[in-house]
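> Start counting the sequence shown at 1; every next residue gets the next number (full-length UniProt numbering).
Take these hints with a grain of salt, some might be off.
Between beta-carbon pairs, the in silico distance windows are [said to hold, decoys possible]: (1) A189 x G84: 46 to 54 Å; (2) E22 x L183: 16 to 24 Å; (3) I31 x D53: 29 to 37 Å; (4) V160 x E42: 25 to 33 Å; (5) I31 x S85: 30 to 38 Å.
What the hints contain is simulated information worked out from the structure, not anything from laboratory work. We put the CB at the ideal spot given by N, CA and C, even for glycine.
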Amino acid sequence: MALSQSELMRLLESLRRADGVEAIRVVCERILQELIEAEVTEVIGAAPREHSDQRATWRNGHRERLLTTQAGDLDLKIPKVRTGSFFPSLLERRRRIDRALFAVVMEAYVHGVETLNAGKAIWHKWCKYDAARARQTTAAAAVPAPRRTEQPYATGSAIVVEHDAARLDCDGRLYRLTMRRLLRNTGDAPITRYLIRISVDPYPGDPER
């Protein structure tokens, strides 16, 4: 779906106001939204307000969807249809398109300029960690859930990490790692303390080490 002149100007203004990392996030968000709109147009058989004999249904607003990617959190609008249902196939394959989308935008944006240390040792370690985490998630999903016993809760306090999301940002000099965890107490006693182990980089000024 082609952008109108006013939409192009709004996107350009957003990129002018944004720093390097934020600009990449804005472009990724816009590209993905355009792909979603193009897919729903193909499913419906007509563009918005277009009269077509091939039309199968009509648009019925949007629902918000927050997508976490290596480029940052993307605020997407998923189209709704009056009859049937629609969910973008791109989001069903999110783990695969995440790096592809990020790589394309990064290459287009930083071609010929400094690459925000994206090729340094820390970034390589992060990519390995993210890939390993994806494999663990896939393997865990393949294991059938254990059957429940007569004792539904553990004795004492038992904390379970139900969801773990992490994101690494770089402003060209410093790295910032953000981690979000959804915790649940599956025991019968309250949890009064939760400890987190943090490793500090002994060489903050040397990203190669």
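> Give a verdict on every hint.
Evaluated hints:
The hint said 46 to 54 Å for the Cβ distance between A189 and G84, and at roughly 48 Å that hint holds. Separated by about 30 Å at the C-beta atoms, E22 and L183 break the suggested range of 16 to 24 Å. Taking 29 to 37 Å as the suggested C-beta distance range, the pair I31 and D53 conforms, at roughly 31 Å. At about 41 Å, the beta-carbon gap between V160 and E42 misses the expected band of 25 to 33 Å.
Look at I31 against S85: about 24 Å separates their beta carbons, and that is not inside 30 to 38 Å.
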